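Protein chains in written order, with the working numbering: chain A, 20 to 280; chain B, 20 to 280; chain C, 20 to 280.
It is worth saying that the hints were derived from the structure and are not from the lab.
Do not rely on the hints blindly, as some may be mistaken.
Put simply, identical chains are the same to the list, so a pair is met inside one copy or across any two.
Result set (DSS-like, lysine-lysine): computed pairs, CA atoms no more than 25 Å apart in a straight line [said to hold, decoys possible]:
hint, residue 1, residue 2
1, 33, 176
2, 185, 102
3, 278, 129
4, 129, 65
5, 31, 129
6, 28, 176
7, 278, 102
8, 28, 129
9, 31, 185
10, 31, 65
11, 31, 132
This structure is a prediction, so every number in the text was calculated from the model and none was measured.
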Amino acid sequence: MSTWELLEKVRKEKPLVHHITNWVTIYDCANIVKSFGASPVMAHAKEEVADMASIASSLVLNIGTLTSELIESMKLAACAANKKGIPVILDVCGAGATPFRDSKVREILKSAKVNIIKGNASEIARVAGMGVKTKGVDSGSVDADLSVMASELAAEKSCTVVITGKEDIISDSSRVYRVSNGADMMGAIVGTGCMAASVIGAFAAVEKDLARASASALVCFGIAAEIASGISMGTGSFKNDLFDCVYNLNREQVETREKLA
Amino acid sequence: MSTWELLEKVRKEKPLVHHITNWVTIYDCANIVKSFGASPVMAHAKEEVADMASIASSLVLNIGTLTSELIESMKLAACAANKKGIPVILDVCGAGATPFRDSKVREILKSAKVNIIKGNASEIARVAGMGVKTKGVDSGSVDADLSVMASELAAEKSCTVVITGKEDIISDSSRVYRVSNGADMMGAIVGTGCMAASVIGAFAAVEKDLARASASALVCFGIAAEIASGISMGTGSFKNDLFDCVYNLNREQVETREKLA
Amino acid sequence: MSTWELLEKVRKEKPLVHHITNWVTIYDCANIVKSFGASPVMAHAKEEVADMASIASSLVLNIGTLTSELIESMKLAACAANKKGIPVILDVCGAGATPFRDSKVREILKSAKVNIIKGNASEIARVAGMGVKTKGVDSGSVDADLSVMASELAAEKSCTVVITGKEDIISDSSRVYRVSNGADMMGAIVGTGCMAASVIGAFAAVEKDLARASASALVCFGIAAEIASGISMGTGSFKNDLFDCVYNLNREQVETREKLA
């Protein structure tokens, strides 16, 4: 299916995307999923996460403001999703910043099957066991061939790996997609990384080929950002314009602007 | 008092509206209450919720991202509000989605007096004991006469019941109000349901007739949404325009657009 | 260094500002820090706060939605920051509203060195031991000479004290700065107080003279608010315009509008 067809499918099926995410961008994640026409739900109590994940069409985990309790809920939700065959997306937000984050990412990956691991270059390098250091959640440059890193990690974990950046790299070990859509303003605001994982969650809910779903998600998100970037006046208006542009994204925009290789 | 007079009263008295709410729309709830001229305060520590509720003019509870601990804080706050005669509003956000939510709603309703129960049709049906299933927080259609359902639940719980939807139904068992203000865009963004409960909280703080307060709150919120809907470009700008339109709501807009039966 | 030079330094060095803050305005705090060109990170797990604070350039604590657990994390982070000589900013948000808040503020101040204490007049009066009562987080008038109150508390705690209001008062006991920049709209929206502390965190990360850093931070924030206030249509657009104006703040705006005495 084409990127446009996948976007139409998201809008038509309105899949429920269950999030256990961070308290900074939880608002952005809900709004972007809703702007794409899907239905976000956030729930993190250990008593209900398995039930909620079971009725969802995808599960998005984000460790941005993790606690030990939240990680336990993530494991329960991921195991429930695994049983139902619901795709699990893990945003390794801030991996490498503290030993606690690294150890909790390993715990999640051991406890359940994660279908898509998503991060920027330095975060993914950390998960892949490379000796990089993340400063907060904003850095990302890594001295490595990112497509090789993505493919090797994808092969090792039998999953899809998404590295976001100026060029997004997506690999499920057999294929590598490269998405060049996007805008510099995405790096000037808070939340684009987290929102990208949520958008991937919406697309993964309607397309079994998770590398393809991820690539199409990032194409749509990137195109909306390009259009928003052309009209916004700064960091405040850019985020609003981004939601508007996602909501209004049309066939012509997607088909003429798509930069997917 | 007329809807306009109630709105003026909110703006003049600036009541303190204590929230124990969810982490997704906590930001929206605070901003909408503030845009209406009231004063939001969010506090959920078990050690202080009774004290905070006691100095507030209304208490808004929302189970959107409930945990067992948060529910305990809600009970403590509600009991403190009860003692002071401060109205308690419960948004049964996501009721029916998981057994945990249903059981916690029952716990709250047993532990303290809730003065206004608010939800969409499927959530209220669930609280009323009907066998519906909520998918996330966005669904709402129920095969039942909503005004009968609202009145019966209101009578059973000796409270006011608010069912939000294309037409909002409000009943305190003796009367039924119907509010037809609002805009389709309200369903396209995250947070309108939660904000509606917060707005009801602001109006319930200044008017003892809680059904009337709820109806007027939804009229004002709906009118602002209608005006915002006419100027917004999508999901991002709609929410901002909504805050602007609430902030600027004037007598002529309220009196000529009110659709309250 | 001039205010403009300090702003340029923030934008160039992009300091990491670690927050342990509240769930209402966490989104605003992250976005304002990012709009100023610095790099916000939010992390509150007791297992990682010391590590995160240690790699940051400043630490901003805000008790808006405090819990006992969160306060423990704040103490751990503050002690780690102390060891590294990283400035610690404490926003005593809502101090005076409940005994719990007052006691937790005292606990933090005993457990670690706080370099900048920030609040509105009634909050600071409470911390200074004066018998005022805060209603929620919005009030602020106090019957006292604010510059004396700031200087005395600064001397007692060997720190910088910032009292925000129509005129901001900053004192490190040896000097008093007064900032008259700002706009009435700042009081009409949620989050300006919390954002002010975050902005102070960004400037304190690049300037050792913390009173001067705080004053320059509030000048820049206030000027951006003035410009935003001139173009915004209400509470929704004002916040967006504020982020845009912060992002676009230029030398001429800062130098011609600065009201610092």
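Verification of the hints:
1. Taking the shortest Cα distances, residue 33 and residue 176 never come within 25 Å of each other, neither inside one copy (29 Å) nor across copies (35 Å).
2. Taking the shortest alpha-carbon separations for residue 185 and residue 102, neither the intra-copy value of 35 Å nor the inter-copy value of 37 Å comes in at or below 25 Å.
3. Taking CA atoms no more than 25 Å apart as the test, residue 278 paired with residue 129 passes in neither setting, with 35 Å inside one copy and 57 Å between copies.
4. In this assembly of identical chains, the alpha carbons of residue 129 and residue 65 lie at most 25 Å apart whether taken from the same copy (18 Å) or from different copies (23 Å).
5. For the identical chains of this complex, residue 31 and residue 129 are neighbours neither inside a copy (35 Å) nor across copies (40 Å), given an alpha-carbon limit of 25 Å.
6. For a Cα distance limit of 25 Å, the shortest separation of residue 28 from residue 176 qualifies neither inside one copy, at 28 Å, nor across copies, at 43 Å.
7. Neither within a single protomer nor between protomers do residue 278 and residue 102 lie at most 25 Å apart by alpha-carbon distance, with minima of 35 Å and 49 Å respectively.
8. Proximity of residue 28 to residue 129 under the C-alpha cut-off of 25 Å is found in neither arrangement, the shortest distances being 32 Å within a copy and 43 Å between copies.
9. In the homo-oligomer, the alpha carbons of residue 31 and residue 185 lie at most 25 Å apart only across protomers (21 Å), although the nearest pairing inside one protomer, at 30 Å, exceeds that limit.
10. Taking the shortest alpha-carbon separations for residue 31 and residue 65, neither the intra-copy value of 31 Å nor the inter-copy value of 43 Å comes in at or below 25 Å.
11. Proximity of residue 31 and residue 132 under a CA criterion of 25 Å is satisfied in neither setting, with 28 Å inside one chain copy and 41 Å between copies.
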